[in-house]
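Sequences listed follow chains A and B, in order. Following our numbering, the numbering of the first sequence begins with 756 at its first residue and continues without gaps. Following our numbering, the numbering of the second sequence begins with 97 at its first residue and continues without gaps.
Mixed in with the good hints, there may be bad ones.
Below, computed lysine-lysine pairings styled on DSSO-like, alpha-carbon distance capped at 27 Å [to be verified]:
id	chain 1	residue 1	chain 2	residue 2
1	B	Lys226	A	Lys942
2	B	Lys299	B	Lys113
3	A	Lys942	B	Lys203
4	B	Lys226	B	Lys203
5	B	Lys334	B	Lys299
6	B	Lys99	B	Lys334
7	B	Lys99	B	Lys299
8	B	Lys113	B	Lys197
9	A	Lys942	B	Lys334
10	B	Lys277	B	Lys334
11	A	Lys942	B	Lys113
12	B	Lys197	B	Lys170
13	B	Lys197	A	Lys942
14	B	Lys249	B	Lys277
15	B	Lys209	A	Lys942
16	B	Lys209	B	Lys197
17	A	Lys942	B	Lys249
Treat the hints as calculated values from the structure; they're not laboratory data. Since the structure is predicted, the reported quantities are computational estimates derived from the model, not experimental observations.
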Amino acid sequence: MAATVNTRRLARAMLTPAVVILFIWMIVPLVLTLWYSFQNYSLLNPANVGFAGWTNYQYFLTDPAFFQAFANTLILTLSVLAITVIGGILLGLLLDQFIYGQGIVRILVISPFFIMPTVAALVWKNMLMNPNYGIFAWIATSLGMQPVAWLETYPLFSIILIVAWQWLPFATLILLTALQSLDEEQKEAAGMDGAGFASLFVYITLPHLARAITVVILIETIFLLSVFAEILVTTGGGPGYATTNIAYLIYHLALLDYDVGGASAGGVVAVILANIVAIFLVRLVGKNLEA
Amino acid sequence: MGKIVLQGVEKHFGDVKVISNVDLTVEDGAFVVFVGPSGCGKSTLLRLIAGLEDVTGGRILIDGVDVTDLPPMKRGLSMVFQSYALYPHMSVRGNIGFGLKMAGLPKDEIARKVEAAAATLNLTQYLDRKPRQLSGGQRQRVAIGRAIVREPKGFLFDEPLSNLDAALRVNMRIEIARLQKALATTAIYVTHDQVEAMTMADKIVVLNAGRVEQVGSPLELYDRPDNLFVAGFIGSPKMNLVGGRIAEGYGAATVGIRPEHLLVGREGDGWRGTISVAEHLGSDTFLYVDVKDVGLVTVRTQGEAGLRTGDSVVLRPDPARLHRFDRDGRAIRAA
Ligand SMILES: Nc1ncnc2c1ncn2[C@@H]1O[C@H](COP(=O)(O)OP(=O)(O)OP(=O)(O)O)[C@@H](O)[C@H]1O
Ligand SMILES: [Mg+2]
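Looking at chain B on its own, in the form it has when it is part of the complex:
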């Protein structure tokens, strides 16, 4: 229950092509995350799946049924909005139960389901409050309660945590992931937060300018990016991308090496440079090394390596972890 398939989905706003030819399969029970830079069409794609926007072309199937022309309420999905979109004049109870009420369920059954959902989300003591009497995190939970109470075929989340502070975000992230696993309901989650994407997803869909750049598990995207865009987008701090003579030496137009895959030494062969900034974070140290012909290279080393600004160092990329890209930005894979 809850397999979502997109076939050649397109969306134009007037002359602007916002989503072009997206093919995607979301397996039943999977947690799929859409990531991409701002304005790449993540929200639009989610709204197309929800039925809040009409597709310009292509088809959307849920459990094998073509829902392309069905209104949102007939698709059996529920959505958590970035602004929560709670109904301000209804109590928490009313908010969570609204969908059931619209579905015409008997009162006692609504009450029972609302209580159950509230218990799952630790909202029981707030059931009679209005949304404005709740904190941001509590509102967020009400929005999630509204989504789960209808037992939908799938959840759609549009950046649900972006209005919360950092600590609460981590908690809610874990809570949402736990809840989704417990309910075994398909979820599509939009975010531009790397950490959310990497930690929550079974599968990440990287979008860029309305196209799918790559689909894969978090580690697949990290270890084997298909192209320059994904290589640069996934991973924090960003992968170092080097062109020119050095790349030619590896038989590529561009080579990429992640900051954590560079070995730092004082002597020997490699890329020679000087440390222009050293950031000590305690567990890690980030070095920004000025390398001749290459520019600023980010390096991540463990612990306090005794390196400081102005030191001259040699960087050696781990050849097994080096990514090579051709002139079009496609990954070159050893045959």
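Next comes chain A alone, as it looks inside the complex:
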């Protein structure tokens, strides 16, 4: 008894520094952001400082760019989730069958995940999507079609494509692992029960994957809500606000418009929105995690 109490006390004492540092690490930026969000603090107007009340929030939330950024964030997140989950399941099923050269194929499939977002986006922008010397343009010309200026004509779609390409390996890997953990005898039992390929997928495989799909969605959402580098190096949020998401809008306010107060208010709004989405998602799919 005494021993466990002592161990517990010692454990707490040993943990304290880490917890304190983590707490400071988190709380200082948060408090500063909150503080700035209620201040008049524009680098272009250094004379105008002081308490601003809710004006920063008012400006941010009524800015038409905010609505577009909000919509873009949702479209981007949901599209990438859909592409990666569906594509991940298909690729996972394929790789699960694949026997010859499996190791190599798997490394190839996972490799995009190890490429930095900036590099990946630049490769897509310059080597693939460039209308003059990109590979897509070359394919289009060799087929006798007009090359497409992807990032100008379909900017948000292009960004979705790039981000989905980066996250597909992650989804594939998680889902493949889940597929491989499906009991072989269960599949055989379903086969003896008369389930064909489609029924097997719908009634056995998909329910088995539910938990893995939930994990993929939750983890990806955290990152997809704050996609930034891909937008910065390809479209710069444009044309207009066509590819500006909330993360990019905040950056835009702070470092292009030099409005620290407004950007801080945007940051606080983003945090709140992210939490709402998170709560919503956990409600929606989180029940799969119980069981």
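Dock chain B with the ligands against the given chain A, drawing on the hints supplied.
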């Protein structure tokens, strides 16, 4: 309905011959048990019949129809797996009814059949539970329910009781045997448990290294083993096998005598030895007797015979129950 015939069935995994040239007829309504040591190919043979593995050679006929190239679902058999292989996210109702649902039966008919199967197996109160909320024995019954509800031509069981504790095993053994008789459906049952084989089977198939060693009723195998392997495999404790001079005395390369067919005395002619261990089980006593030139001989006597470790005894084999084998291990039968 449900006569299963194997003709020269072979199965190779790469270069490894796992099943070689098996000919077997399972009569309609029979309860046939495959026994054999671990790795002898029992499961493989069952899976070949189920259609879960493709044969390398030979034919499989069900009710006279060649099913060798048919997929599992077209063979009209159902299987109970060792791991039960229940669908974890479906309720007991869903598990039992899945095969009917796949067959496209109307909902009310599925419900009716599932209820009936559940009633037979005492599962009615668990119908809405998930498999993980059931005990091992209940899961086992769900797996059996899934097999019977489709009214198949035959049941295939792969060691269905090996995950249960001893007491439950006895109950389930009786339940399965009773159910099979009531439904009069052909059953093939794989086990390595002697008692299961002896008590449940109409016919036992003894397998060894992918070959059929002998097919017969439990008592046939016990009384008249065809060869040394069957003699040593069937019966517990094992038959005593003696070679050398003693066997020559009987005109055989090896003679076998079951522990229960040895008479124990203090005096007289026979195999003289000393008791090295005496195990008293109450109803029976097992004696392990060290006999010169023979080695350790197992003897089973009734009750407490007043014999203890270190006693000197004489063993007399019952000549009518003595089994003789030639140099190749084949039984020598009096003409
Ligand atoms: N897919 C496979 N590939 C290669 N060899 C296999 C395969 N499946 C089974 N074997 C081999 O076939 C032999 C028979 O296996 P099987 O599973 O039929 O044995 P068993 O009689 O059921 O044994 P147990 O009583 O341990 O279940 C074994 O030697 C095994 O190693
Ligand atoms: Mg087996």
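Here is how each hint holds up against the structure:
Taking the CA atoms of Lys226/B and Lys942/A, the gap is near 18 Å; set against the 27 Å cutoff, the hint holds. With a CA separation close to 25 Å, the supplied pair Lys299/B and Lys113/B stays within the 27 Å bound. Restraint check for Lys942/A and Lys203/B: satisfied, since their Cα atoms lie roughly 24 Å apart, inside the 27 Å limit. Using a Cα cut-off of 27 Å, the hinted pair Lys226/B and Lys203/B holds, with the two alpha carbons roughly 20 Å apart.
As the CA atoms of Lys334/B and Lys299/B are separated by approximately 20 Å, the hinted pair is consistent with the 27 Å bound. Between Lys99/B and Lys334/B, the direct Cα distance comes to roughly 33 Å. Violation of the 27 Å bound is thereby established for this hinted pair. Our distance criterion of 27 Å between C-alpha atoms is met by Lys99/B and Lys299/B, whose separation comes to about 14 Å. Note on Lys113/B and Lys197/B: the hinted pairing is violated, with a Cα-Cα distance of about 38 Å set against a maximum of 27 Å.
The hinted pair formed by Lys942/A and Lys334/B fails the criterion: a straight-line CA distance of about 39 Å is larger than 27 Å. Between the alpha carbons of Lys277/B and Lys334/B the distance comes to roughly 30 Å, so the proposed pair goes past 27 Å and is violated. The suggested pairing of Lys942/A with Lys113/B holds, with an alpha-carbon distance near 26 Å, which does not exceed 27 Å. Taking the CA atoms of Lys197/B and Lys170/B, the gap is about 15 Å. The hint holds against a cut of 27 Å.
For the hint pairing Lys197/B with Lys942/A, the CA-to-CA distance comes to about 16 Å; that is within 27 Å, so the pair holds. A C-alpha spacing of about 14 Å is found between Lys249/B and Lys277/B, which places the hinted pair at or below 27 Å, so the restraint holds. For the suggested pair Lys209/B and Lys942/A, the alpha carbons sit about 23 Å apart, so the restraint of at most 27 Å is met. For the suggested pair Lys209/B and Lys197/B, the alpha carbons sit about 11 Å apart, so the restraint of at most 27 Å is met.
Simply put, Lys942/A and Lys249/B have alpha-carbon atoms about 21 Å apart, close enough for the 27 Å limit, and the pair holds.
The structure fails to meet hints 6, 8, 9 and 10 from the earlier list, while all remaining hints are met.
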